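Next come the chains, spelled out residue by residue.
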Amino acid sequence: MKKMFALALGILTAIGGFVDIGDLVTNAVVGSRFGLSLAWVVVLGVVGICVFAEMSGRVAAVSGRATFSLVRQRLGPRLGFVNLCGSVAVTALTYIAEIGGVALALELASSINAYLWIPVVGLLVWIVLWRVKFDIMENVFGLAGLALVVFGVSLWALKPDFASLATQALHPSVPATEGTPTYLYYAVALFGAAMTPYEVFFFSSGGIEEKWTAKDIPVMRSNVFVGFPLGGLISLAIAATSMLVLGSSGIDVESLGQVALPVVVALGKVGLIFALVGFFAATFGAACETGLSVGYSISQYFGWQWGKFVAPRRAARFHVVMLIATIMAVGVLLTTADPIKVTEYSVVFSAVALPLTYLPILVVANDTRYMGAHVNGRLANVLGSFYLVVILIASLAAIPLMVLTKAGQ
Amino acid sequence: MRWTAPGVGAIALALLLCSCAAPRDDPEAYLGDSLSTVETVASYVATAQLTASAVRDGRVFVPSANVVLSETMQSLSDTVSTYGLVEPPDERSPMRAQVLDVSRRAEDSVFSTLTAVRRGDTAALDASIDRLTAVDADLSSLATRLEDPSGRRGE
Amino acid sequence: MTGIPRTLEAKLQLLDHQVIDVHGEMVCMVDDLELRPDRRGHLHVTAILTGPGALGPRWGGRFGSWITAVWRRLREDADPVPGRIAWNVVTGVDSGIRLNCARADLAIEGLETWTAAHIVTRIPGAGHESDA
Amino acid sequence: MSQTPDPLRLSDLLGARVVEESSTLGTVVDVRLERISTSDEIVVTALRSSTARYGTSLGYGRKQQRGPWIISRLLRRLHRDDRWIPWTAVDTISEVAGGGCVVTLTNR
Numbered sequence: 001m002k003k004m005f006a007l008a009l010g011i012l013t014a015i016g017g018f019v020d021i022g023d024l025v026t027n028a029v030v031g032s033r034f035g036l037s038l039a040w041v042v043v044l045g046v047v048g049i050c051v052f053a054e055m056s057g058r059v060a061a062v063s064g065r066a067t068f069s070l071v072r073q074r075l076g077p078r079l080g081f082v083n084l085c086g087s088v089a090v091t092a093l094t095y096i097a098e099i100g101g102v103a104l105a106l107e108l109a110s111s112i113n114a115y116l117w118i119p120v121v122g123l124l125v126w127i128v129l130w131r132v133k134f135d136i137m138e139n140v141f142g143l144a145g146l147a148l149v150v151f152g153v154s155l156w157a158l159k160p161d162f163a164s165l166a167t168q169a170l171h172p173s174v175p176a177t178e179g180t181p182t183y184l185y186y187a188v189a190l191f192g193a194a195m196t197p198y199e200v201f202f203f204s205s206g207g208i209e210e211k212w213t214a215k216d217i218p219v220m221r222s223n224v225f226v227g228f229p230l231g232g233l234i235s236l237a238i239a240a241t242s243m244l245v246l247g248s249s250g251i252d253v254e255s256l257g258q259v260a261l262p263v264v265v266a267l268g269k270v271g272l273i274f275a276l277v278g279f280f281a282a283t284f285g286a287a288c289e290t291g292l293s294v295g296y297s298i299s300q301y302f303g304w305q306w307g308k309f310v311a312p313r314r315a316a317r318f319h320v321v322m323l324i325a326t327i328m329a330v331g332v333l334l335t336t337a338d339p340i341k342v343t344e345y346s347v348v349f350s351a352v353a354l355p356l357t358y359l360p361i362l363v364v365a366n367d368t369r370y371m372g373a374h375v376n377g378r379l380a381n382v383l384g385s386f387y388l389v390v391i392l393i394a395s396l397a398a399i400p401l402m403v404l405t406k407a408g409q
Numbered sequence: 001m002r003w004t005a006p007g008v009g010a011i012a013l014a015l016l017l018c019s020c021a022a023p024r025d026d027p028e029a030y031l032g033d034s035l036s037t038v039e040t041v042a043s044y045v046a047t048a049q050l051t052a053s054a055v056r057d058g059r060v061f062v063p064s065a066n067v068v069l070s071e072t073m074q075s076l077s078d079t080v081s082t083y084g085l086v087e088p089p090d091e092r093s094p095m096r097a098q099v100l101d102v103s104r105r106a107e108d109s110v111f112s113t114l115t116a117v118r119r120g121d122t123a124a125l126d127a128s129i130d131r132l133t134a135v136d137a138d139l140s141s142l143a144t145r146l147e148d149p150s151g152r153r154g155e
Numbered sequence: 001m002t003g004i005p006r007t008l009e010a011k012l013q014l015l016d017h018q019v020i021d022v023h024g025e026m027v028c029m030v031d032d033l034e035l036r037p038d039r040r041g042h043l044h045v046t047a048i049l050t051g052p053g054a055l056g057p058r059w060g061g062r063f064g065s066w067i068t069a070v071w072r073r074l075r076e077d078a079d080p081v082p083g084r085i086a087w088n089v090v091t092g093v094d095s096g097i098r099l100n101c102a103r104a105d106l107a108i109e110g111l112e113t114w115t116a117a118h119i120v121t122r123i124p125g126a127g128h129e130s131d132a
Numbered sequence: 001m002s003q004t005p006d007p008l009r010l011s012d013l014l015g016a017r018v019v020e021e022s023s024t025l026g027t028v029v030d031v032r033l034e035r036i037s038t039s040d041e042i043v044v045t046a047l048r049s050s051t052a053r054y055g056t057s058l059g060y061g062r063k064q065q066r067g068p069w070i071i072s073r074l075l076r077r078l079h080r081d082d083r084w085i086p087w088t089a090v091d092t093i094s095e096v097a098g099g100g101c102v103v104t105l106t107n108r
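Residue numbers (this note's numbering), protein chains in the order written: chain P, 1 to 409; chain Y, 1 to 155; chain A, 1 to 132; chain Z, 1 to 108.
These are calculated hints, taken from the structure and not from any lab test.
Quantities reported herein were computed from a predicted structural model and do not represent experimental measurements.
Virtual Cβ for every residue (Gly too), placed ideally from N, Cα, C.
Calculated lysine to aspartate or glutamate pairs in the EDC-like style (CA-CA distance at most 16 Å, straight line):
#1 211(P) <-> 25(A)
#2 406(P) <-> 33(Y)
#3 269(P) <-> 57(Y)
To give an idea of the interface, some chain A residues facing chain P are shown, with a C-beta separation under 10 Å as derived from the structure:
#4 55
#5 111
#6 121
Chain P on its own, in the form it takes in the complex:
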């Protein structure tokens, strides 16, 4: 009974924790402009994050080493450092976007200017990083993030022609109003939103925080293989409702308020409450995850003690890194950088930074010295190699497409 409860809890938090500001914004933007013609990218990205999260979780559970420790070990200090700089830059950008997202969600709920919220949110996030127990943090925000299921309910309430939605999703084509480069640019952005590097840093380091062993692999797998795809369905529901309500009125999504409009139209005030709670939980939870990930990756590269499982004074450098990151994020946001714009860039740069993180995980998952009986099987390797190629293509295409389309205009 207790085991079943733990299993269900893990799956539910994985669903609720899957969506972050990047998924919210990118799916709404893409839905309003491209309908479901990019739904295949969401599916591709969700399967990809499942493959790599499972691998990094398994490596962490068996070897006790988290991602960046392995990156340094396998790529050496120089290439590892290049990866560290890139990954930390992207994760910090995402951290900024998430904190901004929390402030925007609070502004929507309260009508109090987001600038006044930003320092408050920064402080709250930092307190969670400093003091709140790891599993409480994960469970509370993961469960509250489930409120975003309201997008699925809205889709159902809008009574669309599901057959034509399915046809559109299954027969992708570039809409007449958009150019092919723009279509591809948003494909890369959606892929980056689904497969952000921080998710892997956080997932593998979280496994060590929670002291996983080989015995926990089945539970970890069920979280990944059930929770993440269901989270991906929320992403698709956001895109579909955005297409139905906003796209049909010629609205281009530029603010978090617009992301919530389809729910307002479909379900009214009750729906809006759920959407706002979901926005808050999803962005706040992701802010904690990205903040921790900045600390995790830098500490792991240099071999410093990290983690919330020890007292802060026993992991002083780790906590100082997170403190500096939080102050910087708040500072950047107070210069009036638009969190939505920051989000749009962060998902594209995520795609750029992916390959050097995924290669070492794939290699170590094949090392019997570390993995013993839990070494990659044939399926994991076929999928892993396939995604390495996809990630490489997305990474190389991202910047040229960004320049070519002036960031998707």
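Starting from the structure of chain P, add chains Y, A and Z where the hints point.
Relative to chain P, chains Y, A and Z alone:
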């Protein structure tokens, strides 16, 4: 809220000085600017329409609607003033005046919607929804005319 | 526990690996190894080297010498030596290098000690694990 | 063995040029260490010489490192000429001007 940062503003200004401050010599490019301005304005008007009717039907909390409408108002004025800074290649072309005219009416109607929502004035809200609908229709007919070259010549 | 394998490949199994102390806490990375010849010409691994003083020279190039120079400037002694963990405290090599002593006894954690003393312990709650 | 700088760092050996009868065989990409009988002391027993400088730390020089096929194939091909040189075959290790070391092998 306003996201137009001094930093972002400076970059935008720099870009503007490079590309737009001088008159657009290329009529094609100017037509593209006009068309995308009209489409962007239409997107904001549609956002305001959706929000305003949700307020009228009691489907949204006033603070949230207020935030959405204020942001829309802000972005709308930014778009219009950016377009206003571009000099047209042909002084006699009525295009610029047409776009600016309908855009300013869009601004007025979004602003009156925002005021009505803030005051909780139902009658004023209904009136501004009607104004939004009218502007929306004008925007789409202007867009059609701009897209269709024969319509342009007919002016 | 695991012990030290009979044969090791230095780059593959030691270099850039995590060092873990007797309590399971993380100490540092193996940034380099110190090798000393004996009278018969055999090279013995005598210590793990760590910190900028070890990583800088290994890095090479302008960036490497810059790291080393900054590190020298920040040290008080005229001819500083890099952080050094004698090989005789190593008890195991697997996905990490395991020691039989505590990290506090190693005197290699200058930055950690400084940040702990000047920043972290001044914030309330620094002495407790996260427990809401 | 003579002229060995005292003490040496592992990084001095890694990347060092391996010279046999004045022709270059490759560079040192890894160093094999062996435990002395029952003690925990370890000594250098061989150097891995390779014509490819990169990719050693990915671990494909060992059987325990399995696939994925494509990476394994690529790296094993890159390192197909690697060879272990026993420490007894090493004559001198000398530093060269401008940084780096040269490992000279004994003439056979």
